[in-house]
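Listed in order, the protein sequences are those of chains A and B. For this note's numbering, count along the first sequence from 1 and bump the result up by 261. For this note's numbering, count along the second sequence from 1 and bump the result up by 261.
Worth flagging that the hints you see were computed from the coordinates, not collected in a lab. Some hints here could point you the wrong way.
No distinction is drawn between identical chains; accordingly, a pair holds when it is met within one copy or between any pair of copies.
Unchecked claim - Within a straight-line C-alpha distance of at most 25 Å, the following computed SDA-like cross-link-like pairs (lysine to any residue) qualify:
id : residue 1 : residue 2
1  : LYS453    : ASN349
2  : LYS453    : PRO428
3  : LYS432    : THR446
4  : LYS432    : GLY461
5  : LYS432    : GLU300
6  : LYS348    : PRO428
7  : LYS348    : GLU300
8  : LYS348    : GLN302
9  : LYS348    : GLU305
10 : LYS313    : GLU375
11 : LYS481    : ASP539
12 : LYS453    : ASP542
13 : LYS432    : GLU456
14 : LYS533    : GLN452
2 protein chains.
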Amino acid sequence: MIPFGQRLTAAIQLKQTPLMVGLDPRFERLPPELTQGVEAQNSEQAAAAYEKFCVEIIDVVADLVAVVKPQFAFFEQLGPAGMNALKNVVRYATDRKIIVIGDAKRGDIGSTAEAYANAYLNPNIDGICCDALTVNPFMGVDTLEPFVNVALEHGRGVFVLVKTSNPGSGKFQDVPVENNTLFETVADEVQKLAETSCSGQGYGAVGAVVGATYPEQLVKLRQRMKNAPILIPGFGAQGGTAQDVVGGFDSAGNGAVINSSRGIIFAYENEKWSDCRDWRDAVQRATVESIAALREAIGAAQS
Amino acid sequence: MIPFGQRLTAAIQLKQTPLMVGLDPRFERLPPELTQGVEAQNSEQAAAAYEKFCVEIIDVVADLVAVVKPQFAFFEQLGPAGMNALKNVVRYATDRKIIVIGDAKRGDIGSTAEAYANAYLNPNIDGICCDALTVNPFMGVDTLEPFVNVALEHGRGVFVLVKTSNPGSGKFQDVPVENNTLFETVADEVQKLAETSCSGQGYGAVGAVVGATYPEQLVKLRQRMKNAPILIPGFGAQGGTAQDVVGGFDSAGNGAVINSSRGIIFAYENEKWSDCRDWRDAVQRATVESIAALREAIGAAQS
């Protein structure tokens with residue numbers, strides 16, 4: 262069993278890009294051909310459209326990127342039918358050898374956290390088994406440990422929210438704690454868990470979520486958590502540029518995975534791609550463009 | 262449409278108890294008659310057992326308590342089948358006129374938070390519609406607002422994690438912020454949202470989660486958030502006593518709802534109830550006992 266941190270690093274190196282595609286299906290923004298004759302209120306029909314949309318995106322990006330990130334909320338909005346679609350999407354990506362980071366942001370006390378961890382990180386359970394899961398640290402380190410334990414047992418990973426991409430993330434995350442901020446205090450705990458998970462070598466099974474919208478903090482957090490891979494949302498539609506994310510990488514160009522969701526999956530809506538053959542072609546071209554932009558920015562930062 | 266805060270207060274007054282029963286099904290602890298012939302690994306079968314267990318508990322407690330709180334994690338562990346069981350349990354409780362507080366502890370940025378809110382608080386969507394939902398504030402106030410907006414639109418409520426019941430909750434929640442702690446800073450934001458939701462009259466649609474395991478903090482938080490109903494977990498199996506929770510009530514005996522899960526739903530395992538006819542009888546007697554213990558403690562505190 263290859264530990265998650267190694268597996269993630271190797272997969273990114275193989276595809277030669279840290280870009281990850283976020284799977285955030287929203288009914289009203291699906292390509293019209295997928296919603297033709299589908300009633301938005303019919304959760305079975307809508308879930309089938311979500312599944313088809315995500316599966317086709319995976320087909321388009323499977324040779325281009327190493328990782329996809331389904332956003333659980335959009336599937337959950339369709340109830341059990343949506344969870345079934347999510348399960349099928351996760352399995353499809355896994356069968357295509359793509360790493361799946363489930364964006365669920367779960368968090369709860371001990372035995373309940375363990376149930377969540379088993380639900381989404383344990384391949385021996387008939388659930389929705391991802392390669393890694395995003396988790397919320399607010400309830401304390403003792404509520405992260407069950408996720409980490411289940412992840413380690415099964416070669417999976419955990420990404421802890423540290424500094425999130427939304428405009429209001431500072432309200433609680435930036436409060437001063439001694440000479441630091443709360444998010445730096447969380448980062449130190451993440452680093453401890455990450456270091457233990459890989460005996461201090463390379464990247465561990467515990468990573469951090471740090472928004473592209475906070476590039477200065479990203480630079481500091483990269484230095485602060487040397488064994489924690491960083492999942493960087495906020496690139497693209499949320500306003501983060503390729504230049505903003507370069508601080509997330511180490512000197513060898515490793516250590517970060519960059520998410521773009523709406524800018525890629527709904528590229529067909531963008532006038533820039535109006536000459537595309539169809540929505541899949543727009544997804545493909547937007548992905549290639551994002552990969553190139555990241556490659557240029559990372560190359561420039563390292564030269 | 263009666264606002265959530267009023268509806269909760271009235272329902273508790275009608276039943277004359279603030280006790281809430283937590284629905285936390287765990288396969289290995291279900292009464293043997295429910296798991297006979299059921300394979301734990303078969304999620305459809307296990308989900309059917311969870312549903313039967315919860316429905317029977319609801320039948321037992323429907324005349325005794327005003328509120329139940331399903332813990333999402335245990336249902337999610339069974340994948341889509343578990344979510345379907347959860348949906349049926351929520352609907353069953355609602356049909357029996359019991360208020361359902363979904364313990365999901367969700368939290369995400371703007372439009373994603375809105376998807377979660379619709380999933381669990383919007384009766385016009387074919388999802389799992391609860392009367393209120395627990396949410397995590399770590400990402401900031403801007404991530405709470407979509408939940409509050411959807412809740413208000415549909416006469417539903419939101420309970421924000423403020424000071425959780427686990428031993429390690431102090432790690433991040435207790436960090437000092439100016440003359441307060443982080444959890445008090447969160448509490449002040451909860452109070453603002455609660456006050457706005459009810460124009461400062463009585464209890465609003467936004468409440469707080471404060472663990473019974475921190476009785477001193479509970480007293481202070483009751484005073485600090487005069488319009489926020491407090492959901493108090495940690496009573497019973499987690500160690501909180503009836504005496505520990507009295508600080509959550511206002512001088513009229515309102516303003517709190519007290520959760521007990523394992524101590525009630527798995528009462529049949531307790532030697533104390535070994536003379537019960539069956540597991541349902543044990544649930545009934547444990548519920549009655551908890552109600553009496555709370556009534557005595559609250560009465561003593563007010564006299």
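Comparing the hints with the structure gives:
| no. | hint | result |
| --- | --- | --- |
| 1 | LYS453 <-> ASN349 | neither (34 Å within a copy, 42 Å between copies) |
| 2 | LYS453 <-> PRO428 | between (28 Å within a copy, 19 Å between copies) |
| 3 | LYS432 <-> THR446 | both (15 Å within a copy, 9 Å between copies) |
| 4 | LYS432 <-> GLY461 | between (32 Å within a copy, 24 Å between copies) |
| 5 | LYS432 <-> GLU300 | neither (40 Å within a copy, 47 Å between copies) |
| 6 | LYS348 <-> PRO428 | neither (31 Å within a copy, 34 Å between copies) |
| 7 | LYS348 <-> GLU300 | both (22 Å within a copy, 21 Å between copies) |
| 8 | LYS348 <-> GLN302 | both (21 Å within a copy, 16 Å between copies) |
| 9 | LYS348 <-> GLU305 | both (14 Å within a copy, 14 Å between copies) |
| 10 | LYS313 <-> GLU375 | between (31 Å within a copy, 23 Å between copies) |
| 11 | LYS481 <-> ASP539 | neither (42 Å within a copy, 60 Å between copies) |
| 12 | LYS453 <-> ASP542 | neither (43 Å within a copy, 48 Å between copies) |
| 13 | LYS432 <-> GLU456 | between (29 Å within a copy, 19 Å between copies) |
| 14 | LYS533 <-> GLN452 | neither (41 Å within a copy, 46 Å between copies) |
Hints 1, 5, 6, 11, 12, 14, counting from the list given before, are not met by this structure.
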